[in-house]
Amino acid sequence: MAQEEMQGDGRRIDRAKNVAIFKPFPLHSKITHAIWGEGVFLRQEDDKLIVLFGSVGYQALTLDDVENQESFLL
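In the numbering used here, the protein residues as written are 458 to 531.
There could be a bad hint or two in this list.
Under the rule of at most 16 Å between Cα atoms (straight-line distance), these lysine to aspartate or glutamate pairs were calculated in the EDC-like manner [stated by the list, open to error]:
1) K505 to D522
2) K487 to D503
3) K487 to E524
4) K505 to D521
Because the hints were derived from the structure by calculation, they are not lab data.
Values in this document were obtained by computation on a predicted structure and should not be read as measured data.
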């Protein structure tokens, strides 16, 4: 069983991998960008969220990119 630790900002830390798991973004959740259009959250790589947008392909976004941009709708 994985050892996880909850952080104050809602992230879980998998101590075995020492990687933050961004809880607000379940796999395959949709993200809409004002310019790029609709995308799908595919996976997490370290502190990056990998999103596939139909118009621009794969994009690696930080959690701050997504949470702090008014152009994203979750």
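Hint-by-hint comparison with the structure:
1. K505 to D522: This hinted pair holds, its Cα atoms lying about 9 Å apart.
2. K487 to D503: Distance ~20 Å between K487 and D503 Cα, so the pair is violated.
3. K487 to E524: This hinted pair holds, its Cα atoms lying about 14 Å apart.
4. K505 to D521: It holds: about 10 Å lies between the C-alpha atoms, which stays within 16 Å.
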